[in-house]
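Novice: Here is what each chain is made of, one letter per residue.
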Amino acid sequence: MAMQFYASPEQIMRDRSELARKGIARGRSAVVLSYSGGVLFVAENISSALHKVSEIYDRIGFAAVGRYNEFENLRRAGVRMADLNGISYDRRDVTGRALANAYAQTLGAIFTEQSKPFEVEICVAEVGDTPERDELYRLTYDGSVNDEPGCMAMGGQTDGISGVLRGSHRSDMSLHEAVQLAMRALSSVGGEGGAARTIAADQLEVAILDRHRVGRTFRRITGAALTAVLDHEVPAEEAEEETPSAAAPGKPTSSAGSADLEDKPEASGD
Amino acid sequence: MAAGFDPSGRLPDVFTNAGTSSFTQFLTAAAPELLPGRRPLPPGMAADIAPHATTIVALASAGGVVMAGDRRATMGNLIASRDIEKVHPADAYSLVGMAGTAGIGIELIRLFQVELEHYEKIEGASLSLDGKANRLASMVRSNLGAAMQGLAVVPLFAGYDLAANDPAKVARIFSFDVTGGPYEERGYDAIGSGSIFASSALKKRYRAGLSLDDAVRLAVEALYDAADDDTATGGPDLTRRIYPVVMTATAEGTHRLTEAETASIAEAVVADRMQNPGG
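Going down the list, the protein sequences come from chains A and B. Just so we're aligned: 251 in the working numbering is position 251 of the first sequence, and the numbers increase by one with no gaps anywhere. Just so we're aligned: 68 in the working numbering is position 68 of the second sequence, and the numbers increase by one with no gaps anywhere.
Don't take each hint at face value.
[To be verified] Negatives, chain A to chain B, calculated, CB over 10 angstroms:
hint	residue
1	Ala2
2	Ala7
3	Ser8
4	Glu148
5	Thr158
6	Ser162
7	Asp231
[As the list claims (entries may be wrong)] Okay, the calculated beta carbon distance ranges per label pair:
hint	chain 1	residue 1	chain 2	residue 2	range
8	A	Met13	B	Leu162	45 to 53 angstroms
9	B	Ser211	A	Glu132	45 to 53 angstroms
10	A	Arg26	B	Ala18	18 to 26 angstroms
11	B	Leu162	A	Leu50	22 to 30 angstroms
12	B	Ala62	A	Asp129	36 to 44 angstroms
13	A	Leu50	B	Glu184	30 to 38 angstroms
Hint data in this document are derived by calculation from the structure and do not stem from the laboratory. Yeah, the Cβ is synthetic: ideal placement off N, Cα and C, and Gly gets one too.
Please model the complete structure; the sequences and the hints are all you need to start from.
Specialist: Structure follows, in structure tokens:
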């Protein structure tokens, strides 16, 4: 029988951490930040079909860096969990915190039980009524979860990017300012000898959770709309009648459709 | 809720595997008790145990489809609800209404709405209109056992087909029977207890290519005719101000007419019928 070498649990964990950290640092970065009109996701991504940023539910978005097959796996699980809870209870009962918890448990279990941890770092973001009530959760390969107020960066050379982001982030930024800042942060690292570089608009994946919408708030910003947002201030879409959080008083209880589909009928006359 | 909780606390494998983009297929594995048609029923007829929802009409117009439903649910000779809502948006470009056992119908619509949204989120693209109709057909089919015991429900599905090349074919309507279907209808269709009267009225008045506003008016007229001759269909309730639910699906998406709009249309229809009760 082959002799098994002894490895201390400490050593095993250290090796797994190192593997995951290296894998994540090799990839391109993504940043998430809240601005006056919602939550902005910007990821460096040369593919326009394989997304790093996605919709989970009405007011919840997902961003990830690392190995595609692994975070895609988690994204599907998140959509399934959110839809299952949404149909079992009500759309308003699906929260980012519950999702972050489930991801933390899942990543933690994979880290300790499987021989290879997931080489991913993910962000679960929930847009609130005000920038102060936005929730940004960072989940790392070992299942630890952190609440990151305001802004966060993941993947690649995170330290440099975070530095730029934290230095200039304000919660009352416009979308144009926020995209500009994200772009500046992402391009601040990775050039020749650690210098800044330029990133073309078509290498960015940009999406928002729009604070002022009812129902499904996730929108991708691509093509001409993205160039416009990068270049100059874009007047905010005429904010549809602002409804606080996901509560849609006019939505019939018999429907599981999002509130933006169920146009709110005017209050009846009686 | 979900079957097979993993002792480690992680999400069970059924959540994370790549298997399917369908929410109902996922539920089959994760929480089958949430699916209609999966519950064992005692033998015998059960038709009278729950309220029945009645008439829905749908019309194709030049700009898109219109779907309207009355607001009554009945239980035998009693009125179970005066303000039930039986027409809902299925997704951004399609509408669904139901007739039959109300509870199962509501569950079917809820599941169908989540089914379409779920596919869209998982795959990053919407199903084709035909794909949606086929999916709904299989969901109706799964209720066949209960339908045979009197708990039947049939939906009506209509949508704006974004993939259509011919502008005359953008507005499409599908009907179903308890064994599934789907059957694509030409121009208009009605389901439920008052459907004979509603579709007779539509047969005489419907013209291909009519405008969206005319189609809305015609839908409300057809429901009036159904309520005229079928006790299980409710007419516009002017005293309580309860009017039919009218929804449209056009290139701009789905839209529900406001209470004020449906009120003025329903009042106009009633005023005309005061002059000529036959319409």
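Novice: Tell me, in ascending order, the numbers of any earlier hints that this structure violates.
Specialist: none
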